[in-house]
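Novice: Residue strings, one per chain:
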Amino acid sequence: MRYGRRLALLLLATGAGFGVVLGRAFQLQVVSRETWVSAGEEKRRPRVKVEAPRGRILDAAGVVLAEDRPVVQLAFVGGEWETRARWRCPECGHVQFRRDPEAPRPPGVRASEAAPPSRCSCGTRTPRFERLADEDLQPLERALTLPAGSLKALASRRVAELERAVEQRVTRIAGSGDGDAVERDLRTLLRQDFFARPRPVTRLSLPGIDAVALRELPVEAVRLLELDPRGRYRGFRAVSAVERRYPQKALLAQVIGFANAVQREEKEALGEDATWATRVGRTGLERYFDPVLRGSPGVIRYVRDEDGDLVPRAEEAPTPGKDVRLALTVEACREAQKHLESVATPGGYGARKGPPSGGLVVMDAETGEILAWAETPVFDLDGDREEAVRWVDEDEGRGAVDDDRDFLGDAVPNATLSRVTQVAVEPGSSLKPLIALSLLSMGASFPDGFVCAGPWRPSRGVNDKPGCHEHGPEYAHLSLEDGLCVSCNRQFAYAVSRGDVAALARERLPPALRSLGIGRVVEIDLPRPSAGRFRPEDDPALRNVAIGQGPVLVTPIQMARAMALLATGGRFPAPHVAAVVGGVPRRPEGEALSVPVAALDRVRAGMLRVVTDRSGGTAARAFADTPLPTGARAWAKTGTAQVPRGGDFDRDPLASGPWHHWFVGFARGAGGGRTIAFAAVLHARNEGAGGDTAARVVARFLRWWFEREIG
Amino acid sequence: MTLSDRLQRANWLLLGLALLLTVVGIFTLSAAAGEDGPPWAWLQVRWTLVALAGTLVALTVPYKRVVAAFPLFYAAGVAGLVVVLLVGTGRGAVRWIDLGAFRMQPSEFMKPVLVVTLAGYVRYRQAYKRFAGLSIPFALTLVPVALVMRQPDLGTALLLIPILFVSLFAAGAKPGHLGLVTLAGIAAGFALYFVPGLMEPYQKERVTSFLAQDGGGEAGHILRRQQGFQLEKSKVAIASGGFLGADGEEAFEDAIAGFPERHTDFVFSTFAARYGLVGVSLLLLAWFALLATILSTAAKAREPSGRLLAVGVFTLFAVQVLVNLGMTMGLLPVVGVTLPFFSYGGSSLLSSFLCIGLVLSVDVHPEIELGVGDFD
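Taken in order, these protein sequences are the chains called A and B.
Using the numbering used here, you'd call the opening residue of the first sequence number 81 and step up by one each time.
Using the numbering used here, you'd call the opening residue of the second sequence number 55 and step up by one each time.
It is worth saying that the hints were derived from the structure and are not from the lab.
Since we're looking at a predicted model, the values are computed, not measured.
Where is the CB? At the ideal position from N, CA and C, for every residue including glycine.
One thing to keep in mind: the hints can contain errors.
FRET-style restraints, in silico, Cβ to Cβ [claimed, not checked]:
(1) A/127 - B/93: 31 to 41 Å
(2) B/420 - A/110: 37 to 47 Å
(3) A/110 - B/89: 21 to 31 Å
(4) A/127 - B/92: 25 to 35 Å
(5) A/310 - B/385: 41 to 51 Å
(6) A/181 - B/92: 22 to 32 Å
(7) A/127 - B/386: 26 to 36 Å
All chains, full assembly: derive it from the sequences and hints.
Specialist: Written as structure tokens, this is what we have:
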């Protein structure tokens with residue numbers, strides 16, 4: 081090819097290239113102009129989602145249990161901390177930040193990033209920049225009432241954590257076969273927002289410091305951080321945030337639950353309904369009513385004002401979350417909590433005195449409204465919830481609700497699980513009213529005039545004491561009412577296993593108990609209630625079932641609901657904590673159950689004697705010590721599930737305990753007020769009895785309740 | 055030949071076109087800076103005066119002397135690239151040498167140096183017509199390419215390679231040989247992308263961003279949003295120009311608001327937003343006229359090194375313009391190439407005007423080599 085032709089070819093190729101460029105310009109500037117201009121408009125005047133205030137949780141009297149509150153928090157920005165070497169321009173005084181030249185450089189960071197600045201915006205050039213000496217952070221530490229040096233220690237620790245997290249990500253990316261996840265993670269790393277995003281400091285584990293001291297900053301600290309032109313506190317920022325506050329602290333911790341920051345996966349799942357400021361309910365009502373409480377984000381659009389400045393304008397107002405108002409009152413719960421804690425001793429099963437955990441629930445027997453609730457152990461909803469979050473994570477991972485014996489070795493048993501709805505244990509003798517009612521309802525006779533020759537000790541095979549159940553010869557011939565009053569195990573075991581009833585009981589007792597709610601989930605407005613356990617096939621003779629041990633595990637809410645049935649004579653209410661949700665009253669439907677009146681009367685009569693019969697009633701002493709106001713009456717049953725018995729608890733707790741102390745029943749005041757059903761349980765070492773512990777808690781609460789009702 | 059003769063014989067159309075582009079560029083820089091913005095336009099005017107002086111000097115020096123000194127220029131150019139690796143400054147990529155009063159970008163000067171070097175080496179040889187004979191010109195090119203990539207500056211490095219190819223093509227190298235080398239180059243490109251450690255992550259990201267820009271699905275969408283930020287801003291700015299330019303000052307400011315590098319690599323987007331499709335068409339016309347003028351000098355030249363100089367400069371400008379415009383419009387990956395005469399920066403402007411000076415020198419020194427055959 082000749083030279084001239086080669087040049088012509090070059091010119092032709094260049095012309096073709098220019099043609100393509102012109103064509104593309106035509107496409108962008110004419111054909112698809114509107115599309116790109118709209119996209120640019122969207123970018124320039126971005127729509128920013130604004131988090132909606134989360135709804136409040138209130139008690140029946142309007143006392144706040146959970147609410148959103150704006151606060152200023154201390155945030156730590158690792159990237160800024162690492163580049164806090166300050167260089168001042170000698171001409172204009174402007175301060176620039178670089179990476180500390182003396183600090184070790186992480187891999188991938190160039191030496192030039194630690195070099196002095198090469199120029200200033202005023203035109204001054206290197207090398208005349210003056211390196212400002214590192215100043216201590218004491219004024220800020222004083223404002224935060226932190227010891228000297230603690231902020232620096234905190235920063236170093238956070239930077240190390242961030243670097244570790246990046247390393248872990250890189251390792252995970254390298255070892256992952258999930259293409260999408262790899263891409264997402266890589267993108268996050270490339271965007272470098274890992275370091276850029278302020279990370280609120282939620283915990284300072286320094287001596288003498290409140291663990292949550294930095295969730296809300298004092299005004300002086302905010303002033304220091306905001307007026308910091310020389311970057312003395314670079315790395316720390318005062319950021320405004322909305323905090324979920326729980327003014328009642330630990331009271332009702334399991335019922336109210338808590339909400340915390342949305343996780344990446346959750347945000348993706350929620351889509352348009354979430355921002356990074358969204359809080360998600362983790363436990364209790366916060367979790368159950370999360371969609372109601374959360375609301376939906378609004379939108380702010382930035383527009384130019386008359387001066388040409390971009391100013392935010394609300395384009396779409398956020399829809400605030402709705403309030404949830406409960407049927408119970410803080411006052412009643414505080415009273416219940418006080419009495420529960422008067423017999424319980426926190427400190428796990430290692431503490432040698434008193435039951436370490438338990439719960440009390442009180443409900444309106446007619447409507448199912450929960451009127452009072454107390455539990456132990458509790459945790460401060462408004463404090464450092466690090467351990468609570470760990471408990472929740474563990475429970476989610478396990479996916480099952482536990483018997484309290486899972487916490488035998490814990491100094492602080494899991495306090496996020498509710499002892500009222502989620503921990504199911506043997507009911508012991510508190511099940512007897514239901515056994516009696518079931519037997520009578522299915523047409524079986526009860527062994528009235530039963531001769532009890534002594535305590536039922538099947539493990540020893542001997543009756544070593546005459547008279548029934550340590551109550552002496554006067555209870556040697558027992559009616560049903562007597563049996564309930566003194567809680568005769570032998571009579572109830574005999575009632576289900578004697579020759580003429582055994583077959584019928586085997587066939588009809590289990591379904592009858594199930595119809596009373598044993599082994600069935602209680603539909604309550606709290607997350608993951610336990611169904612307990614009911615496996616009668618493990619005890620074909622039903623002797624253990626008859627005394628509430630062996631294959632039967634129940635929760636207090638199941639027992640309280642069953643007691644409501646006994647109180648109403650055939651109406652099974654649906655227990656519910658929330659009375660009004662988003663302004664709409666809630667009245668969950670209950671169930672009706674046909675119960676023979678005669679059977680009910682006999683069971684009630686026996687339960688009344690439990691409280692009133694001073695010669696043998698298992699709770700009579702507790703009610704004698706704390707008598708109910710005149711006219712108020714209680715029908716109840718104690719229970720002490722001693723499974724298993726004997727042994728050295730400290731050496732082998734599983735072989736000897738824990739024991740469960742129960743007190744269940746219903747009560748009515750003199751003036752025809754509400755009939756309330758209740759259930760209390762305390763989980764103890766291998767000691768004590770329901771009549772001494774749980775009954776006293778309930779007696780004290782009922783006295784307060786009915787005195788208040790009279791007042 | 056006297057200085058007056060030389061000035062009279064100079065191709066003033068070429069210089070005029072270069073100046074026209076520079077002036078339009080200065081206006082564009084002024085618009086990009088806004089009322090209270092940085093003094094880019096004024097600084098560019100100062101650099102233009104310096105560059106014009108350099109052009110006149112280059113014009114007066116016989117180009118054959120320049121070409122004859124190619125080993126010196128080449129050594130100086132490579133030394134500059136080595137020095138920048140040792141003591142260079144810059145954010146992310148290390149491309150500049152700080153000289154106190156100003157900063158110099160050696161890779162910008164390597165472009166005309168390579169043009170001169172290839173012209174000097176290839177002019178009287180015939181070896182490049184054999185496959186094996188291509189090795190020395192390739193080695194001369196690949197050394198600066200490797201050094202520039204170490205900075206890293208992928209865009210400038212990739213500009214140097216077309217200069218080699220077109221110089222060899224114009225000089226008569228067999229297209230088949232060049233095709234083979236091209237295939238090898240493509241293979242090397244793949245290796246560059248896929249072998250870990252050869253490309254910086256951000257360079258890979260730019261290529262990925264380019265490939266994903268029109269891809270469907272979530273991945274394409276997210277990449278467009280997160281990694282192709284610069285490219286998207288550029289396209290929005292160009293589109294905002296419409297047919298006759300952005301509708302009013304506010305619309306123009308909106309179009310370039312928060313647009314990084316709107317005065318350097320992406321100055322064309324600013325121009326397109328300001329003057330619309332009509333302005334873009336006229337600009338392309340001016341560019342094409344300038345390139346055609348350079349090529350006419352190459353066609354008129356009778357001496358091989360003069361031809362190679364003009365062809366080299368033509369290639370440098372043509373590729374640089376096409377790559378720059380292509381990347382700002384999303385036709386090519388964003389590789390960081392300036393638009394000659396337009397982009398803000400002394401090194402780029404000086405280098406471009408030196409190239410013009412070399413071509414003018416070819417025009418005013420019409421040397422005829424007796425006894426030496428044409429390329430073909």
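Novice: The structure should be examined with respect to each hint, and the outcome stated for every one.
Specialist: Okay, the hints, checked on the actual structure:
no. : hint                      : in the structure
1   : A/127 - B/93: 31 to 41 Å  : holds, 35 Å
2   : B/420 - A/110: 37 to 47 Å : holds, 45 Å
3   : A/110 - B/89: 21 to 31 Å  : holds, 30 Å
4   : A/127 - B/92: 25 to 35 Å  : holds, 31 Å
5   : A/310 - B/385: 41 to 51 Å : holds, 47 Å
6   : A/181 - B/92: 22 to 32 Å  : holds, 29 Å
7   : A/127 - B/386: 26 to 36 Å : holds, 32 Å
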